[in-house]
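Asker: With the sequences and hints as input, model every part of the structure.
In the order they appear, the protein sequences are chains A and B. Here the first sequence stands for residues 0 to 264, where the numbers follow numbering that gives the first Met the number 0. Here the second sequence stands for residues 0 to 266, where the numbers follow numbering that gives the first Met the number 0.
Simulated from the structure, these hints should not be mistaken for lab results. Fair warning: this is a prediction, and the values are worked out from it, not measured in the lab. There could be a bad hint or two in this list.
Not everything, but these chain B residues come out facing chain A in the computed CB check (under 10 Å) [unchecked claim]:
hint : residue
1    : 84
2    : 87
3    : 90
4    : 101
5    : 105
6    : 135
7    : 150
8    : 182
9    : 184
The calculated label-pair distances, taken between Cβ atoms and stated as ranges, are [what the hints assert, rightly or not]:
hint : chain 1 : residue 1 : chain 2 : residue 2 : range
10   : A       : 93        : B       : 246       : 55 to 61 Å
11   : A       : 104       : B       : 257       : 55 to 61 Å
12   : A       : 93        : B       : 14        : 22 to 28 Å
13   : B       : 154       : A       : 104       : 48 to 54 Å
14   : A       : 11        : B       : 139       : 45 to 51 Å
Each computed EDC-like pair below joins lysine to aspartate or glutamate, with the alpha-carbon atoms no more than 20 Å apart [what the hints assert, rightly or not]:
hint : chain 1 : residue 1 : chain 2 : residue 2
15   : B       : 254       : B       : 176
16   : B       : 154       : B       : 115
17   : A       : 253       : B       : 131
18   : B       : 74        : A       : 165
19   : B       : 108       : B       : 156
20   : A       : 253       : B       : 87
21   : B       : 108       : A       : 165
22   : A       : 36        : A       : 47
Note that the Cβ used here is the ideal one computed from N, Cα and C, for glycine as well.
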Amino acid sequence: MSEATKRSVPMLVWQVLLGAGLLSLWQVGVTYRWMDKFFFSRPSDVAERVWKMFATGSVWAHLATTMTEAALSFGIGVFAGVVFGFLLARNRWLAALLDPYIRIANALPRVVLAPIFLLWFGLGIWSKVALGVTVVFFIVFFNTYQGVREVDPVQLDNARMLGASERQLIRHVLIPSALTWIFSSLHISIGFAIIAVVVGEYLGASRGIGYTIAQAEGVFDTTGVFAGMTILAAVVLLVGAGVDRLERWLLRWKPNRDTSARQVG
Amino acid sequence: MSIVSVKLTNLARRFVSPKGNRYTAVQNISLDVGKGSFVSIVGPSGCGKSTILNMTAGLMEPSEGTIHVFGERLKGINRRASYMFQQDALLPWKTVVGNIELGLHLRGKDAKESRELALQWVDRVGLKGFADSYPYQLSGGMRKRAAMAQAWIVKPDIVLMDEPFGALDVHTRLRMEGEILRLWAESGETVMFVTHDLEEAIALSDEVVVLSAGPGSTIVGQYGVDLPRPRNLIDIKTEPRFGEFYRAIWSDLRKEVLKSYERSDEA
Ligand SMILES: Nc1ncnc2c1ncn2[C@@H]1O[C@H](COP(=O)(O)OP(=O)(O)OP(=O)(O)O)[C@@H](O)[C@H]1O
Ligand SMILES: [Mg+2]
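Answerer: Here it is in structure tokens:
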């Protein structure tokens, strides 16, 4: 552990330096007119805009909408993904029956569904939630399915011999064993849930961060677009950090893992 | 006539290889294991020792034949048996004490009492101070000891053990064998013990069963070992009668081991 912290402190410094360096380049580039301000805006302007959005409080309603949609699609998607993953992993026949349809459904580019969902569910939050769910569901479903299938049969047999019922097997062996897989899917799907609902908002909504970005774009306000992106990125990072902590606690039985390599969102 | 705890009658088990070939692992296995006795099964690697235990545990259906447990035909999991697997079978997400109490927990026993009892077992198998460790933090021998406590805490009538000490060094092994004998003597449980180490089998058992080389492995010898108990595992191997048993059984086992070598060379 101490070895890891020793190494991660300088790495954090390097990471901050890299970010600061790139931002400064951008700032300088625009200030000295190597880059066109109209197309690229400027980090200081973006920061100012973000600050203003929070100061005036105008961002909160949009942020709340986006987060509600993302949370709903995440929650519904994860729940459905885990349940279906378990069901199909435990029932070979059902898995074989549904296999081609799941492949087809997963191969569809989700973006093309957005207009259809708009028609079906209207301009409100549910069309975005539906879009988010289609993304989250498949990621979680495939990982859960895989995770349950990869359970060590000896551990299952051992629990059975110790008297486990089918339900107890799920609770004591299958879920903990699949949790590693489910968590790796959570990291990815949180990011994708947010992206999906923002795309949904972008294509047709009256509220949300995606809507503000679309509005800014409509009047060629690059600063507004970047401000929206900045806020989204910050949110994804924050939520990802939360998941990381939860994961570290729930998977504390695993030998030291290298989580630094895993991307968040 | 004493009570028979496990009765195997004409057991056979076939497997189908990925290519579709049928492979008979064991056949014509008939064996009575008396209540409270310690029976070892020895045989060349791959002859079907684990297969026999798996069937007795109810985890694997026999292709032919029947299994009776205390007179009742076995259907599904053998509820009167505990099984210490050849492989690591502790649940990695549970602590040592969590693993040990699992059997009680699954049977719906009171949580507090289970925990207390499990902690006693932690001490009993020499894992004091490791109750809250996770399996990955233990050595191989310590994991085996936890698995031992996990199997014995539920007070089974029958304990199935599959090469529990195969991977351990001589000293740890001797200690664990001693612990097994002590547990067994205290509890009066029936033990079916698989090993490929003949010395270990003789030192521990009332009876040693020799299996032939596969395919179609079957019982080729049964030897009662009436060395006096309690046995001193450190000195027993130098006793003259131990040597007699060893030579007698080895002459049988040797043939099978050689056969299994030849067959694996052909393959
Ligand atoms: N699930 C299975 N599918 C196919 N073949 C199997 C299966 N289990 C066992 N076998 C075969 O049956 C034979 C006996 O296997 P088993 O594991 O019982 O041997 P063993 O005597 O326990 O060997 P070892 O001493 O190496 O543990 C082997 O040839 C093995 O390949
Ligand atoms: Mg075996």
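Asker: Would you check whether residue 182 of chain B satisfies its interface hint, that is, whether its CB is within less than 10 Å of any CB in chain A?
Answerer: violated (17 Å)
Asker: Is 45 to 51 Å right for how far apart the beta carbons of residue 11 of chain A and residue 139 of chain B are?
Answerer: Given a distance of about 38 Å, which is not inside 45 to 51 Å, the answer is violated.
Asker: Hint check: residue 108 of chain B vs residue 165 of chain A, CA-CA at most 20 Å. Holds or violated?
Answerer: holds (18 Å)
Asker: Measuring from the C-beta of residue 84 of chain B to each C-beta in chain A, is the shortest one below 10 Å?
Answerer: At 6 Å from the nearest chain A Cβ, residue 84 of chain B passes the 10 Å test, so the hint holds.
Asker: Given the hint of 22 to 28 Å, is the C-beta distance from residue 93 of chain A to residue 14 of chain B inside that range or not?
Answerer: With a Cβ separation near 26 Å, residue 93 of chain A and residue 14 of chain B satisfy 22 to 28 Å, so the hint holds.
Asker: Within 55 to 61 Å: is that where the Cβ-Cβ distance between residue 104 of chain A and residue 257 of chain B falls?
Answerer: holds (59 Å)
Asker: Using Cβ atoms only, decide whether residue 90 of chain B comes closer than 10 Å to chain A, and label the hint accordingly.
Answerer: holds (6 Å)
Asker: Holds or violated: residue 150 of chain B as interface residue toward chain A, Cβ cutoff 10 Å?
Answerer: holds (8 Å)
Asker: Is the hinted pair residue 36 of chain A and residue 47 of chain A satisfied, with a Cα-Cα distance of at most 20 Å?
Answerer: Roughly 15 Å between the alpha carbons, so the hint for residue 36 of chain A and residue 47 of chain A holds.
Asker: Regarding the pair residue 253 of chain A and residue 87 of chain B, is the alpha-carbon distance no greater than 20 Å?
Answerer: holds (15 Å)
Asker: Verify the proposed pairing of residue 154 of chain B with residue 115 of chain B, using a straight-line Cα cut of 20 Å.
Answerer: Between residue 154 of chain B and residue 115 of chain B the Cα gap is close to 15 Å, so the pair holds against 20 Å.
Asker: Against chain A, run the beta carbon of residue 184 of chain B and see if the smallest gap drops under 10 Å.
Answerer: Where the cut-off is 10 Å and the nearest Cβ of chain A is about 23 Å from residue 184 of chain B, the hint is violated.
Of the hints listed earlier, those the structure fails to meet are numbers 8, 9, 14, 15, in rising order.
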